[in-house]
Amino acid sequence: MRRFLRLLAISMAAALFAGTAPAETMKMAVTTSFENSGLGKVLLPEVKKDLGLDVKLLVVGTGAALRLGANGDVDAVLVHAKGAELKFMKQGHGLHRRLIMYNDFVLIGPSEDPVGIKKARTAAEALKMIAAAKFPFVSRGDDSGTNKKELALWKEAGFDKADLRGSWYRAAGAGMGATLNVAAGMNAYTMSDRATWLKFGNKRDLALLFAGDPKLFNQYTFIPVNPKTHPGVRTDLALKLEDWLTSPKAAKLINGYRIKGEKLFTFNAKPAPE
Amino acid sequence: MDSISQGLFQAFRLVLTLDPDLYRIMALSLRVTLTAVVIAAAIGLPLGAWLAVNRFRYRRLTIAVLNAFMGLPPVVVGLFIYMLLSRSGPLGVLGLLFTPTAMIIAQAILITPLIASIAHQAIRDLWAEYHDLLISLNATRVQRIKALLWDGRRALLTATLAGFGRAIGEVGAIMIVGGNIEYSTRVMTTAIALETSKGNLAFALGLGIVLIGLAVLVNLGIHWLGRTERASNW
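If you read the sequences in order, they're chains Y and S.
Number 120 in the working numbering belongs to position 120 of the first sequence; there are no gaps in the numbering.
Number 104 in the working numbering belongs to position 104 of the second sequence; there are no gaps in the numbering.
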């Protein structure tokens, strides 16, 4: 009996090492805000059903996603930082940019709003109020699309990156969720995409305080990696996925996606690539 | 306190509901780490023994470097392997990036110095004891190493389990080279990091408790298979 059990344990261990057969798969680097929104869980099973395509997601910040694309380690990227995307295109890493959808950023802070940004007219004005009060503000600080957007807003408010230092401005150097964890712990202000905020499970005393400035508009763009500069990539699959993502079916799923009754994304793909 | 008890509750719920996603990532965690441990032990144990019985010029330096490498930062190892395996890197054509194989390579590199160092310490003490006997028997170098490895097997098991412990809880390297891809390269530690980033702290803690339980089970299993830590076999 003892010997039998031992044999069983060994054969179970061997079973663990057995691999599984691969299907048609591609890799796409997406931003944390896309993944955290939960939209991927709605779209990808449909992609699999319609195209028989398994899309493996690498969830990173926009900076890192473009880095993976530039190294040819993924077949496509879905990101949201226009300046960085244009640079990526200029360096020859992307085939073309294709707008897919947009959502928006929101300013989060302590629910009693000690600085009073609820009364601000623009996002830049809200940031100015936080800086004037030197109230703690947590930044992503990770070169992501959200981080780039935040820095652009600070610039508009009159603060260069070099001015953003001191004990009140904290660069977390982390993803959106981790940054919200830091903000919740410090009861500080921060900027988040709406989707991650709605899904976030550790809000504590934080609340959504400011939204609606058109400057907070957040465009998601799909870029297949250029096969001329990166011969290994599966451009065929990336283009199939692009066709699907810009189809009426995708439009319906994206526009219809709701978290707690709130609409998150607006589909705005045009019939042809930019 | 409330979220900690919620974490415990989540751990029980996960195990009892036989959640298939959970068992998939547990199996991958075990597969990656156990394979890495087997590879690292196959290199590290003989290397440790070889260092103990041989005298050569830069021995002291080699051992010092090996000891220092016990503390290799996982993130740096991950970054290094990423650069090697990236399509724009020297080994890019192999297409190993973001696969379990890449994760195994990273973990094997991380724990080989640890296993070799501990093995070296143990074998060195044993060698001091056996030196005269093995020399007088005129044993060859390979025979000496074999005898020392066999008689030091308890200590070497400890070295191997230390390697297992470091690898199973490691997140920095496998996050970079594996990519934490769902259904493909997601393991227990990267899943915990992901859930923490979503703010699902209780669920993340539940996964952590399951991971610790898994490590305890593996250690018990190895002692059972090796018939160690028993009354007659101390």
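These are calculated hints, taken from the structure and not from any lab test.
Yeah, the Cβ is synthetic: ideal placement off N, Cα and C, and Gly gets one too.
Treat the hints with care, as some may be off.
[Unchecked claim] For each label pair, taking beta carbons as the anchor points, the in silico distance ranges come out as: (1) Y:90 - S:60: 51 to 61 angstroms; (2) Y:111 - S:76: 51 to 61 angstroms; (3) S:125 - Y:185: 32 to 42 angstroms; (4) S:73 - Y:167: 37 to 47 angstroms; (5) S:18 - Y:249: 32 to 42 angstroms.
[What the hints assert, rightly or not] Under the rule of at most 16 angstroms between Cα atoms (straight-line distance), these lysine to aspartate or glutamate pairs were calculated in the EDC-like manner: (6) Y:41 - S:182; (7) Y:249 - Y:125; (8) Y:82 - Y:125; (9) Y:41 - S:2; (10) Y:215 - Y:163; (11) Y:148 - Y:205; (12) Y:263 - Y:143; (13) Y:56 - S:182; (14) Y:49 - Y:243; (15) Y:48 - S:125; (16) Y:155 - Y:112; (17) Y:252 - Y:125.
To see whether the hints hold, each was checked on the structure:
1. Evaluation of the 51 to 61 angstroms hint for residue 90 (chain Y) and residue 60 (chain S) yields a pass: the beta carbon distance comes to about 53 angstroms.
2. Remark: the range hint 51 to 61 angstroms for residue 111 (chain Y) to residue 76 (chain S) is contradicted by a beta-carbon distance near 41 angstroms.
3. Checked against the hint of 32 to 42 angstroms, the pair residue 125 (chain S) and residue 185 (chain Y) fails, with Cβ atoms roughly 47 angstroms apart.
4. For the hinted restraint 37 to 47 angstroms between residue 73 (chain S) and residue 167 (chain Y), the CB-CB distance of approximately 28 angstroms leaves it violated.
5. Under the hint 32 to 42 angstroms, the C-beta atoms of residue 18 (chain S) and residue 249 (chain Y), about 34 angstroms apart, fit the expected range.
6. Between residue 41 (chain Y) and residue 182 (chain S) the CA atoms are separated by roughly 11 angstroms; this keeps the pair inside 16 angstroms, and the hint holds.
7. Only pairs whose Cα atoms come within 16 angstroms are accepted, and residue 249 (chain Y) paired with residue 125 (chain Y) is rejected, the gap being roughly 39 angstroms.
8. About 23 angstroms separates the Cα atoms of residue 82 (chain Y) and residue 125 (chain Y), which puts this hinted pair outside 16 angstroms; it is violated.
9. Simply put, residue 41 (chain Y) and residue 2 (chain S) have alpha-carbon atoms about 30 angstroms apart, too far for the 16 angstroms limit, and the pair is violated.
10. Among the hinted pairs, residue 215 (chain Y) with residue 163 (chain Y) is inconsistent with the structure: their alpha-carbon atoms are about 21 angstroms apart, more than 16 angstroms.
11. Taking the CA atoms of residue 148 (chain Y) and residue 205 (chain Y), the gap is about 26 angstroms. The hint is violated against a cut of 16 angstroms.
12. A distance of roughly 27 angstroms separates the Cα atoms of residue 263 (chain Y) and residue 143 (chain Y); the hinted pair therefore is violated under the 16 angstroms criterion.
13. Annotation: proposed proximity of residue 56 (chain Y) to residue 182 (chain S) holds, straight-line Cα distance about 7 angstroms (limit 16 angstroms).
14. Using a Cα cut-off of 16 angstroms, the hinted pair residue 49 (chain Y) and residue 243 (chain Y) holds, with the two alpha carbons roughly 15 angstroms apart.
15. Simply put, residue 48 (chain Y) and residue 125 (chain S) have alpha-carbon atoms about 59 angstroms apart, too far for the 16 angstroms limit, and the pair is violated.
16. Between residue 155 (chain Y) and residue 112 (chain Y) the CA atoms are separated by roughly 26 angstroms; this puts the pair beyond 16 angstroms, and the hint is violated.
17. Simply put, residue 252 (chain Y) and residue 125 (chain Y) have alpha-carbon atoms about 36 angstroms apart, too far for the 16 angstroms limit, and the pair is violated.
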